[in-house]
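For chain B, the structure is supplied; the task is to place chain S on it using the hints.
Residue numbers (my numbering), protein chains in the order written: chain B, 1 to 310; chain S, 1 to 310.
It is possible that some hints are incorrect.
Identical copies look the same in the list; a pair holds intra-copy or inter-copy alike.
Listed below are the simulated EDC-like cross-link pairs for lysine to aspartate or glutamate, each with C-alpha atoms no more than 20 Å apart in a straight line [to be verified]:
(1) 273 with 303
(2) 49 with 296
(3) 49 with 294
(4) 229 with 209
(5) 284 with 296
(6) 284 with 256
(7) 273 with 296
I should point out that these hints are in silico values taken from the structure, not numbers from a laboratory.
Protein chains: 2
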Amino acid sequence: MTATNHISEWAEAILLRQPRAIAKAATAIENRSAESEALLRVLWPHTGKAVVFGITGPPGAGKSTFVSALIKELRAESKSVAVIAVDPTSPFSGGAVLGDRVRMLDHHADPQVFIRSMATRGHLGGLAPATMDLAVLADAARFDAVLIETVGVGQDEVEIAGMADATAVVLVPGMGDDVQAIKAGILEIADVFIINKSDLAGASKLESELQMMLSLAHRPDNWVPPIVKTIAKEGQGIAQSLSALRSFLSQGLLADRAAARWVPRLEQMWKEKIGSCVSRQQIKEAAAAVARRDRDPYEIVNEWFKQIRN
Amino acid sequence: MTATNHISEWAEAILLRQPRAIAKAATAIENRSAESEALLRVLWPHTGKAVVFGITGPPGAGKSTFVSALIKELRAESKSVAVIAVDPTSPFSGGAVLGDRVRMLDHHADPQVFIRSMATRGHLGGLAPATMDLAVLADAARFDAVLIETVGVGQDEVEIAGMADATAVVLVPGMGDDVQAIKAGILEIADVFIINKSDLAGASKLESELQMMLSLAHRPDNWVPPIVKTIAKEGQGIAQSLSALRSFLSQGLLADRAAARWVPRLEQMWKEKIGSCVSRQQIKEAAAAVARRDRDPYEIVNEWFKQIRN
Numbered sequence: 001m002t003a004t005n006h007i008s009e010w011a012e013a014i015l016l017r018q019p020r021a022i023a024k025a026a027t028a029i030e031n032r033s034a035e036s037e038a039l040l041r042v043l044w045p046h047t048g049k050a051v052v053f054g055i056t057g058p059p060g061a062g063k064s065t066f067v068s069a070l071i072k073e074l075r076a077e078s079k080s081v082a083v084i085a086v087d088p089t090s091p092f093s094g095g096a097v098l099g100d101r102v103r104m105l106d107h108h109a110d111p112q113v114f115i116r117s118m119a120t121r122g123h124l125g126g127l128a129p130a131t132m133d134l135a136v137l138a139d140a141a142r143f144d145a146v147l148i149e150t151v152g153v154g155q156d157e158v159e160i161a162g163m164a165d166a167t168a169v170v171l172v173p174g175m176g177d178d179v180q181a182i183k184a185g186i187l188e189i190a191d192v193f194i195i196n197k198s199d200l201a202g203a204s205k206l207e208s209e210l211q212m213m214l215s216l217a218h219r220p221d222n223w224v225p226p227i228v229k230t231i232a233k234e235g236q237g238i239a240q241s242l243s244a245l246r247s248f249l250s251q252g253l254l255a256d257r258a259a260a261r262w263v264p265r266l267e268q269m270w271k272e273k274i275g276s277c278v279s280r281q282q283i284k285e286a287a288a289a290v291a292r293r294d295r296d297p298y299e300i301v302n303e304w305f306k307q308i309r310n
Numbered sequence: 001m002t003a004t005n006h007i008s009e010w011a012e013a014i015l016l017r018q019p020r021a022i023a024k025a026a027t028a029i030e031n032r033s034a035e036s037e038a039l040l041r042v043l044w045p046h047t048g049k050a051v052v053f054g055i056t057g058p059p060g061a062g063k064s065t066f067v068s069a070l071i072k073e074l075r076a077e078s079k080s081v082a083v084i085a086v087d088p089t090s091p092f093s094g095g096a097v098l099g100d101r102v103r104m105l106d107h108h109a110d111p112q113v114f115i116r117s118m119a120t121r122g123h124l125g126g127l128a129p130a131t132m133d134l135a136v137l138a139d140a141a142r143f144d145a146v147l148i149e150t151v152g153v154g155q156d157e158v159e160i161a162g163m164a165d166a167t168a169v170v171l172v173p174g175m176g177d178d179v180q181a182i183k184a185g186i187l188e189i190a191d192v193f194i195i196n197k198s199d200l201a202g203a204s205k206l207e208s209e210l211q212m213m214l215s216l217a218h219r220p221d222n223w224v225p226p227i228v229k230t231i232a233k234e235g236q237g238i239a240q241s242l243s244a245l246r247s248f249l250s251q252g253l254l255a256d257r258a259a260a261r262w263v264p265r266l267e268q269m270w271k272e273k274i275g276s277c278v279s280r281q282q283i284k285e286a287a288a289a290v291a292r293r294d295r296d297p298y299e300i301v302n303e304w305f306k307q308i309r310n
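Chain B extracted, bound-state conformation (with noise of 0.2 Å):
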């Protein structure tokens, strides 16, 4: 069997969803291989039928309740649903307590749902890159969705958020004034807030504070995102919630968007293409020798720069 033939069948069998095929190439993607590109490649022309979600917020938000409940919502429609968590803090990720991961087993025993978590460790400027080759992956797989979620406080695991075709951030009502920072930080990305555990006291306190930012901010497209308060744990407002999302992609603004989250996207990718250029061996040596302070960094950069046009 040929290296083309191989991929072609791998390919195949992900288009027909064998879950070990997947499974194979997510973990591929991970690493990063020559294959997984090889891969990506044949997979390419049979994507995007899949609407990618991304899911945001600060720790403690009920993020992961939160995508459980979607999932079941989508699962009741039917739906096809691919979870990629990139949250530490997520049960998915294996983060969490024995009891959110006991509730999660539902869905791993459903093979209509496909859950992956990244290790957000060692994927030094990959994180982005592998995050969105496994919704590549997903969409490939026919996973009408693709639920992506993401502790919204690092900057990589905020702009992951923003390549989706629509994002929720998840807030909670009273986290003081951390939360007013991280709101801040998160709030050109949000399609859609999502107030959960809003039966907590202070719910309509951050409902008003984030209608008044709103009315504030003015987004290039327009779109005002609406505000849906949820209490996951219990199913309530995740209906709406998944309305909401959609009345963003309905707005027709998804050609403009899906144009402006690939500019991150290729930027990402490149970095990481280009970046592969120099050895682990070379950097190690070149590091050595900064460290000694024999070598300049900004010299040695430039050195390698010109190595790779000559």
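The following block gives chain S in isolation, referenced to the frame of chain B:
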């Protein structure tokens, strides 16, 4: 005046610690201007004297108050201090309540204290190189200590803190399960653990949890991170924190560590350098083509790669 003269005069003013020259350089570094690279190459031979401390931890742990107390401690020793705040929730970055901001003003009035906040957004791929270049700038301007404050949740921020000579991870009792997950992620970069707000209930529990974690983990350098309890607001435990950081530095591990921390830094510099080969316009056009599904993103990236090689 030639360009070279301009750069060397500017560098000279920085070596003399002239505030305006430093501020101008910091802005050039943040903007990733070509001038800043030329400047840094001139400054480089004059660096290597400052000690760089990383301070990271989850939002709400009181990192900024800890940093503020650390400045006070260092100033009491007549050391000059540069602070680089990469933390969007830090009062140094403007993300604080008024009370904190007012407290910071004490330091702002002191010419031996230089404070710079980094915008954490809009620095795609460039956040780490810019932060490290600011540390080089502060080092050249003969600041004795450089404090880099990051919020230890995002991948970038954790990596930046880990590039310091010695890194303190600031935790706080009773932050629940989310912190459990965060702790695991930042465990490997902590040279010293700070339990801040240690008068709160749960401080002893957190301490024994950390001790258990440390007894299970084994660092390649055999260092066992000390745990220091502080009440930063009242200045308690700050001298001990500084001693703990210094005891790590005095282990004679610094040469190895310096080489190790240059590995991610060179990687970041390399990606940034090379990322700039493709113009915004090229990326935008490519993004539109991919969004229309006229082009395959993997092919585009390969094409760019061929272009710079020829």
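How the hints compare with the structure:
1. 273 with 303: both (18 Å within a copy, 11 Å between copies)
2. 49 with 296: Between copies only: 15 Å across chains, 49 Å inside a chain, cut-off 20 Å.
3. 49 with 294: Classified as between: cross-chain Cα gap 15 Å, same-chain 54 Å, threshold 20 Å.
4. 229 with 209: within (14 Å within a copy, 36 Å between copies)
5. 284 with 296: Within one copy only: 14 Å inside a chain, 34 Å across chains, cut-off 20 Å.
6. 284 with 256: Result: close only across copies, 11 Å inter versus 42 Å intra.
7. 273 with 296: Close across copies (15 Å), not inside one copy (25 Å); limit 20 Å.
Taken one by one, the earlier hints all hold for this structure without exception.
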